[in-house]
Amino acid sequence: MKTALVSLIAGLLFGAGLALGGMTDPGKVIAFLDVAGQWDPSLGFVMGSALLITFPVFAWVRRAGKPLLAERFQLPTRKDLDPQLLIGAALFGIGWGIAGLCPGPAIANLAAGSPQILLFVAAMVGGMWLRDRTASLL
Amino acid sequence: MNVLVDTDSWLRAAGGGLLIGLAAGLMIIFNGRIAGISGVLGGLLFNPAAGDRRWRSMFLGGLILGATILSSTVTALPPAKLQTGWLGMAVAGLIVGYGTRMGSGCTSGHGVCGIARLSQRSIIATVTFMAFGAVTVFVIRHLLGAAA
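Protein sequences appear in the order of chains V and P.
The numbers in this note's numbering rise by one with no breaks, and the one at position 41 of the first sequence is 41.
The numbers in this note's numbering rise by one with no breaks, and the one at position 15 of the second sequence is 15.
Since the hints were derived computationally from the structure, they do not count as laboratory data.
Glycine residues also receive a C-beta, built at the ideal position from the N, C-alpha and C atoms.
Check the hints yourself; a few may be wrong.
To be verified - With a cut-off of at most 20 Å between alpha-carbon atoms, the simulated EDC-like pairs for lysine to aspartate or glutamate come out as follows: (1) LYS81/P - ASP8/P; (2) LYS66/V - ASP52/P; (3) LYS2/V - ASP8/P.
Claimed, not checked - Chain P side only, calculated, beta carbon under 10 Å to chain V, not exhaustive: (4) VAL5; (5) LEU19; (6) PRO48; (7) LEU63; (8) THR75; (9) LEU77; (10) LEU94; (11) ARG101; (12) PHE129.
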């Protein structure tokens, strides 16, 4: 129960942060990625100030034995660089560059009622589903 | 390089980043979970563990609600401007979903959490998707010349 409440609060803060920071505006995202045009560095500040908090937090995680409300930290354990990581990140980057939306802002935008964003999220879920169906290929 | 200087936008961006960092911090400190949006969504839809659905849906519901509340209260925010049409949105959504599932994360999981964990995989993934995002925008805007 408590973990669900923390998740709700964290989700609220995360969504508010995406909107305040400008991540939910695809125009802002494209302007950040458009280094050859009139480059808008704003979204670099979003990631920079988020890291200002998460760096010390994860330094604490490395020392702490367990989280405050759960049995253990559920962290990725893989260390190797596989083709899936690189190809997946490259594909994601291409999609991000086309629409100016990554998964968080796309979902955060759902209540704004844009049918195009609804289509994006539906296609994104379809893409995830397709990945699971084709994972044996690569 | 031609840099757009907009200090109000930078301040809002820094403030938004602090909220995002705080949210990711709460998730790992209290729940032991990485606040990676593609991972939270993928886990909810495709491989939920027992008792896992509730926190994932609470987090994603909060995400939608938090963005909606903030956008309706902070009126100084510029309106969101879509950058592509129906076909572009469908194609982009499909490859964002496929790519984040294949590459185990997106801007939040790899970018905000993974880099802070000093994960080599996440650092390389972040550099990769940022580079491919920038190249894609370059091709669309400057080579194909859509909406200069």
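Each hint tested on the structure:
| no. | hint | verdict |
| --- | --- | --- |
| 1 | LYS81/P - ASP8/P | holds (18 Å) |
| 2 | LYS66/V - ASP52/P | holds (18 Å) |
| 3 | LYS2/V - ASP8/P | violated (37 Å) |
| 4 | VAL5 | holds (9 Å) |
| 5 | LEU19 | holds (3 Å) |
| 6 | PRO48 | violated (13 Å) |
| 7 | LEU63 | holds (4 Å) |
| 8 | THR75 | violated (12 Å) |
| 9 | LEU77 | holds (7 Å) |
| 10 | LEU94 | holds (4 Å) |
| 11 | ARG101 | holds (4 Å) |
| 12 | PHE129 | holds (4 Å) |
This entry does not satisfy hints 3, 6 and 8, going by the numbered hints stated previously.
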